[in-house]
Amino acid sequence: RPAIVFYAPPLGSMTQATVFMTSTDAELWARAAQPELAAILARHPPSFPLELSGAPTPATDDWPYVYHRSHSIPRTYLTVSLLLLGMTLFLVRGVLEPRQVSTWHFFFLGAGFLLLETQLVSRLALYFGTTWLVNCVALTAILLVLVAANIYVTRSEPENLGPYYVPLVVFLLINYFFPWHRLPYDARTVGVLLSVAYSIPVFFAGIIFAEVFRRFPQKSHAFGANIVGAVAGGLAQNASFIVGMKALLLIAALFYASAGLCGLLGARQRRPEEVLVSPRIGS
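Convert by adding 1 to the 1-based position in the sequence shown; the result is the number in the working numbering.
Among these hints, one or two may not hold up.
Claimed, not checked - The following label-pair restraints were derived from C-beta to C-beta distances:
| hint | residue 1 | residue 2 | range |
| --- | --- | --- | --- |
| 1 | E28 | T131 | 21 to 31 Å |
| 2 | P185 | G13 | 19 to 29 Å |
| 3 | T23 | E160 | 52 to 62 Å |
| 4 | Y177 | F91 | 31 to 41 Å |
| 5 | V122 | F224 | 21 to 31 Å |
| 6 | S157 | N136 | 42 to 52 Å |
Just so you know, the hints here were simulated from the structure itself, not pulled from any lab data. Where is the CB? At the ideal position from N, CA and C, for every residue including glycine.
Please model the complete structure; the sequences and the hints are all you need to start from.
So this is what it looks like as structure tokens:
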């Protein structure tokens, strides 16, 4: 149904504006049909013609881009993204080895984690609002989970990381398909539950990175590839302009599945003399 549109003249310190009103509540439309309100709307028509052709896509929780007309990446975003990626590649060019499987392993780990982190912040904004509280809750949850993951790696030193990749990807898919908006709880409660659910894949991701990094002898190469991956993952968030915010979980799952494949290939190609393990923290 077309929105109710009228022109609001300037009033005191308030400037003029064109007001759009719409709702799924039938009471709004019943009031708009009353003679008094209908007369007011007729006396204050909008100052420009209203055309539905070429109207932007309605914004939703999954696609919250009110001022973007279509499902496409803005040229400005795309240009800046390519410049940032180019600068990152230039700065770490001395330590990157694209032919090494380990390079792509750390690349995919960095890309997946950045998408996972931005997903947590954007999802919590739906339940806590876009305020300092969202950043506080999200960053606190991430840091606490990463500390727990590092403590786990320090004490257990897992040998086979395959069992950690599987639940990581599975929980990303569960978070994608689970209907959080249907839970019969208030927004804060759902936000807390969502924080816990998103912290589970963060925990597995922290275990994987901490153990892979501990085993890898060339730390600067690992950091370089991981930084490039983190930048690429952050820039991959621009895909939300096309597929929506929620679909970024699928991209993160793809990144981590690719990292698991690289880890498997790297384990098969690794020569005995390359298997160098850094001493345990605190030993």
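(message) For each hint given before, does the structure comply? Return the numbers of the non-compliant ones in rising order.
(response) 2 and 6
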